[in-house]
Amino acid sequence: MYFNVNVAIYAVFVLLLMNLILAVVIYGLKMRNIRYRKVCEQFNIKFKDYLHYIQANIDSDEPLRIPPVKLTLIEEKALQDRLNDLIETFKGEQRFKLMDLCEELGFVSTHMDRLKGGSYRQKIDAAYHLGCMRSGMAVPLLLGLLKDQKHDSSLFIIARAIAKCARQKQDIKQMVHILLSHKKNLHDLIADMIEESEVDHVELFHEWIHKEDPALIHIGLTGLKDLSDPTAVSAVRRLIDSKDPQIQRKAITIYLNSNILLPKGVVTRLLNHESVDIRLLTVRKVSELKNSAYADVLKKSLLDSDRRVIDAGVTGLSNLGEEGMMALCEGAYACKEKEQGRYIHDLITEEINRLSTELHDVNQLARYNTLKYFYEKTFGQRRIYRVV
Amino acid sequence: MRIIEYYLQKDQLLNGVREFLLAYGTFAMYYVLVITVLYFVIFGLSIRHSFPMKTGIRYNRLNKLSGSSHVPPVSLLVPAYNEELTIIENVRSLLALNYPEYEVIVVNDGSKDGTFQKMIQEFQLERINPFVSNHIKTAKVRGIYHNPEYPKLYFIDKENGGKADSLNAGINLAQYSLVSTIDADSLLEKDALTRIARVYMENPEETVAVGGNVRIVNSCTVEDGIVKNVRFPKKLLPALQNVEYIKAFLGGRIGWSAVNGLIIVSGAFGVFQKDKIIAVGGYRGGYPGEDMNIVIKLHRYCLENDIPYRVAFCPDAVCWTQAPDTYRILSSQRKRWGRGNLKNMVEEGIHMVFRPKYKIFGMLTIPYNILFETLNPYFRITGLLAILGYWMLNMTEWKTLVVFAMVNFLSCFMLSLGALFIEESVFSRYPKLRDLNKMLLYSFLMFVGYRQIGVWWRFRGHIDFLRNNNSWGTMVRTDFNK
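Read top to bottom, the protein sequences are chains L and G. According to this note's numbering, the first sequence is numbered sequentially starting from 1. According to this note's numbering, the second sequence is numbered sequentially starting from 389.
Just chain L, with the same shape it has in the complex:
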């Protein structure tokens, strides 16, 4: 094989040059980063009074004034970042005042210009800042940008900006429609973004759980999962029988989390559900209610085929006072010949032993006495009392 050393020597020079260029670029970046940090530190000192002024006057009736000195480009950037943080921190009137201040400072118009005619990177940057400033007029442009965006992190930056800027439900619906077209099951992220919107998102979530599109139902249910809204409960009840297991699970979770008085018929139905997760969820939620009216329902869970459900049932019953403990011991006795019965018996004796080591605590002493009494009564073990 013929090796041309001259070519290799040229390669050495080319590589050397490229290395040098890259090293210079890296040092340039480093210097830029150091300079930016210094400017930010100087900004904090120089604009300390102005930032105090904003915070002190955020609740006053007067609009916030712009800084008394002309800002350099880097100072504008630093102030913009600070105002973005404040807008995220406050809500209501205070937020509106900060948004007005941004508009007066010219930040909104600058970013609108960049959104209209800037490079791709400038557009994303503008989308982010306009989102932070909740600029309503940016929505049509942002929706246009979102349509052409491929599935990467920028997609969600634009979508979140739309959610923040939106003034009408229609804008949110369009944004959701575009995101769903990527078919990536983004329900949690979409719900999270919509919750940042000024638009009445609860109403939107309600609307969606009545739709036929499973994706919209998912988003609706995801958005409603932390709300204990009675109207939501009646709406999700329909979905408890959904054929989509995920929708069904979400609907049941919302239903059980609603803290309403759960009808025994529904609870019994859920305890007979084929999914272990749903049975477990039901037992746990019913247990959390600590209502002795459910003792007989929980007693049925002791016969479950899954140990997790039995465990949860035992814990739930033992927290229901006398009635619960009686039901627990009776339930264990009724199936004493079965595997479940033996397992529950072991759990009860373990609990008695554990409580016996904590008799210095009055509550534990009471629990110990009650459980021991019902255990001995049910399983026929008698105490021997010695009269001295």
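Don't read these hints as lab results, they were simulated from the structure. Where hints are given, some of them may not hold.
[Said to hold, decoys possible] Below, computed lysine-lysine pairings styled on DSS-like, alpha-carbon distance capped at 30 Å: (1) L:184 <-> G:747; (2) G:452 <-> L:184; (3) L:183 <-> G:616; (4) G:664 <-> L:336; (5) G:616 <-> L:38; (6) L:150 <-> L:70; (7) L:46 <-> G:820; (8) L:91 <-> G:747; (9) G:664 <-> L:150.
Starting from the known structure of chain L, arrange chain G on it as the hints suggest.
The following block gives chain G in isolation, referenced to the frame of chain L:
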């Protein structure tokens, strides 16, 4: 006559050797060319994809996300074997994460030091009897401990079975659908989980695993389990490993993840879908390299079952780890890595290599790994011997060797600079100018002995593999602030 015959035979032999060396030289030339091109392609991909990553990192407001009820709950699994020096600080840092819903499951893998006692005493743990599923078989669990005052913390005490076995025991207890593996000698940044959750939420169904970025904590100031003052390591070996990690994580993994060809999610910090781990039978026990093995199995499982998936990398989710600072410990670690890599290639890689059904993973990642990682020591060592042969047989002159060595060095150094470019343009975690100077210096020093000795360690790892030595090797922990 016999003398003439001797010289003729010697000439024939030498000609044969010359021809062989020439053929080997041609092969080695193409080998180096291909590997360099591949390195540059992966680096190009890393740089190309670091910009959208930068956008995602910069414009996502993590404070909001870390308070959101929509981020997925995660079970953190912390296997611990003889970790009494670091375990408390590590667990405290994990309990203080900015994340809405998670649990920390520490698994004591039959430690011989005071790990068990320290955990019990520090957190006042009491034995409980929760339901534990038996998805994956593990060594005997001696007890599970909990204290309601630390509702997120669970402590499993089990008989020694290795790191993989501990992770499997943790998976059996984990209640959430995402599990995260974290080394007990590592510290997670407060927002690391939220950053990974962001990547996961952007494609939750297909993301089967997300790897975090591992950085070196040596010489940094640690207070209450939090890295307060980021500094470049002062000692030689951690400093070399620092630039090595930056190159591997930023220069390599970003690029590999861009083509869904990532072969490893570091055992120090990664997040996985629990049901997928269970589906592939959990972590493989009894041998090092379990972090690579699980990722290969996930690729294989998803590709064989036509499940759309991705193995992602999240470079802004940082886990700080202690780098070995002595020759003995570092060599032990690298030999272990070499053994683990070879075992994985023999066990899994060989069934997937150049098989189109495994797509980019079978056609690029595995061949790359076998040819340029696993077999690398053999090409390097034989290459060195060949150079000796060229010199002894007057087949080349020093000038040619120097020129080719320069080409090799400068192209490799450029890749190091590429990684530093990503570091500086996207993360800039080391604030001082002198840190950059040091990084450049150590990027150069890597080529003067460190890389060569690394090849030797890997080769020794292969010998250990053939000897059936599957021990974990030496690992000594020190306090985080030492």
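Report the numbers of all earlier hints that the structure fails to satisfy, in ascending order.
3, 4, 6 and 8
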